[in-house]
Amino acid sequence: MQTDQKLLEPQQALWSYLDNLLQEIPRQPVSEPKPQVREQRPVRERPPVAPLRQEPKRLPAARPAPSERATPAPQPVTVPATMLPVPRKERPEWAQAEFQALVFSVGGLSLAVPLTSLNGVLKWPKEGITPMPNQPDWCYGLLRYRDQNVRVVNTAALVIPPDRPELMPTEPPRHLLVVDGGRWALSCNEIGDVLRLAPEQVKWRRYGGKRPWLAGTVLKHLCALIDTEAFAYMLAAKNG
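Quick note, the sequence shown lines up with residues 1 to 240 if you use my numbering.
Keep in mind that the hints were calculated from the coordinates and are not lab data.
Quick caveat: nothing in here was measured; it's all calculated off a predicted structure.
A couple of the hints might just be wrong.
Between beta-carbon pairs, the in silico distance windows are [unchecked claim]:
(1) Q135 to R174: 17 to 27 Å
(2) P125 to A97: 28 to 38 Å
(3) K203 to R164: 11 to 21 Å
(4) A237 to G182: 14 to 24 Å
(5) P131 to G182: 14 to 24 Å
Cβ atoms here follow ideal geometry from the backbone N, Cα and C, with glycine treated the same way.
Please build the complete structure, drawing on both the sequences and the hints.
Here's what the structure looks like:
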């Protein structure tokens, strides 16, 4: 019984976390019944009465005081494109039809990334990750990959909330998933299978909320689907 209890606890924690993710997905609004309109009897119209003609009074034109100056109209403030949020449709572009996704684990959390957004899968290097000065706690440092400096991300620090410590990894990362054209590498503990998913199998999430990286949830496989474009935008905003 103790063995069964130990096996059930991580699965229950994962179910609870996915349930919290689903709470952020807006439900379809229920259409309210239209009020019934009572049939009204036609009202007899009276003949129109010609209005009395009145000549408009001419008012003298107001002259501005000599000490007053015309106030210029306020100019619209333009926001740089880099500060605008990434617009999101109900489904990402890569999910308009059937797609493939790679499952991986970060601690006790199962995630999936679409193959079209994946630029490479690497084993965790024993050496080669260079720490950066004043780097945030969610960044391990820089890794040279295909003549490009890739920022290595502590994925668990970004996707697992502080109130779910039971999902945090207990072992160091073993793999890296390179995304966003080679700009970022997501750390993970295990690499799983490749899933072939239809759009209808995913509970899609709309724009906004606490987790912009979340594209949706796949309840059949107990995993959260990552939107790498939104994830990269979030990392760029955090990195300044």
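| task | Kindly confirm whether 17 to 27 Å is satisfied by the beta carbon distance between Q135 and R174. | result | 21 Å, holds
Q) Has the hinted range 11 to 21 Å been met by the Cβ atoms of K203 and R164? A) With Cβ atoms ~20 Å apart, the hint holds.
- Query: For the pair P131 and G182, does the Cβ-Cβ distance stay inside 14 to 24 Å?
  - Reply: The hint (14 to 24 Å, Cβ to Cβ) holds, given that P131 and G182 are roughly 20 Å apart.
Outcome for the supplied range 28 to 38 Å, where the beta carbon pair is P125 and A97:
36 Å, holds
Holds or violated: the 14 to 24 Å window for the beta-carbon distance between A237 and G182? Since the Cβ atoms of A237 and G182 sit about 19 Å apart, the hinted range of 14 to 24 Å holds.
When held up to the earlier numbered hints, the structure conflicts with none and fits them all.
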